[in-house]
Amino acid sequence: MTGRDAAFLFIVIFGGTGGELAVTHTMKRVGEVQSFYPHHLLRVILRAFRSGWMWFGLSLMTISFFSLLMLLSWENVSFVVPVTALSYVLGAFGGKFLLGERVEPRRWVGVALVCLGVLLVCVG
Amino acid sequence: MKLPHRLHGKTICLIGLMAIFGSLGDVLLRKGMKQIGAVSNWHPEALLTTFDRTFHSGPIWLGISSLLLFFIAYLLVLSWADYSYVQPASATGYLFVAVLGYLLLGEVVPWMRWIGVLVICLGVLLVGGTPPRTTEER
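These protein sequences, in sequence, are chains V and C. Sequential numbering of the first sequence, starting at 572, is according to the numbering used here. Sequential numbering of the second sequence, starting at 38, is according to the numbering used here.
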C-alpha cells in the first residue's frame, strides 16, 4: 500500500464512519420503521431528510465516496473493500462513546477479529 | 434488552440485502473506474475530465444504483438496531466482494487475502450473536 493509498483510505474510513454515525443518530431520532408500505417508507425518509444531521452525514459520505472511487481507480476491489473494514474499530468506539450504545465484550472480540482479517488482507 | 422475534427476522433479511447490494455496487464501481483509468493527473482540468467521464459511465451508474438500494436497506435497519451491531454484521459483504472481484473482474486474490476475508467473516459471526439493540427504546 502506498502513502497515497493510505491517505485516501484514511478519508474513506473517517468520512464514511463519521457519516454513518450522523445518519444513525438521525434514524434513532426518527424512530423504528414499523411499516414497509412505500408511502410509509417515503414519509420516514422525508422526515429523516429534514434533519441537519442527515445532511451532515451525507456530505461526509459523499467525500468518502469520491475518495473510494479514486482508490478503486488504482487498486483491486478485493483489496480496497476489505481494507476499509478498519472502520469497524472506529464504528465500535463511535457507537459506544457518541451514541451511548453498550458494546458487549463478545462484540469487541468480533471487531478485533475483523482487524486481524484486514491485516492479513494487507499482507496478502 | 430482549427483542421480539420479528425484529431478528427483518434485521437478518435487510442485512442480507445490504451485503448483496453493497458488494455488487463496489464491484461495479471498480469495473467503471478500471475502464476510465487510474487517476494520476491532479490538475483541476484533468480532474474535471475524469469526473465527467466517471458520470458518463454505465457501470458507475449501475454501481451507484446498487449502493442506493444498499443505503435504503441500511437506513431502515438502523431505525431499530444498534450501529455497532449493523456495521460489523453487514461485513459478510467482504466475502461477496472478493468472490465477485475474482469471478467478474478476474482479479488475482492471493490465498492470504482469502484467509483475511474469512477471519473478517468470523468476526462478523461473533458480532451477529449479540443482541441487535442495547440502548433503551424511545
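One or more hints might be untrue.
[What the hints assert, rightly or not] In silico PhoX-like cross-links for lysine-lysine, where the CA-CA straight-line distance does not exceed 25 Å: (1) V:K599 to C:K71; (2) V:K599 to V:K667; (3) V:K667 to C:K47.
Think of the hints as simulated: they come from the structure by calculation, not from any bench. Just so we're clear, the structure is a prediction, and the values are computed from it rather than from any experiment.
Going through the hints against the structure:
no.: 1; hint: V:K599 to C:K71; result: 38 Å, violated
no.: 2; hint: V:K599 to V:K667; result: 15 Å, holds
no.: 3; hint: V:K667 to C:K47; result: 24 Å, holds
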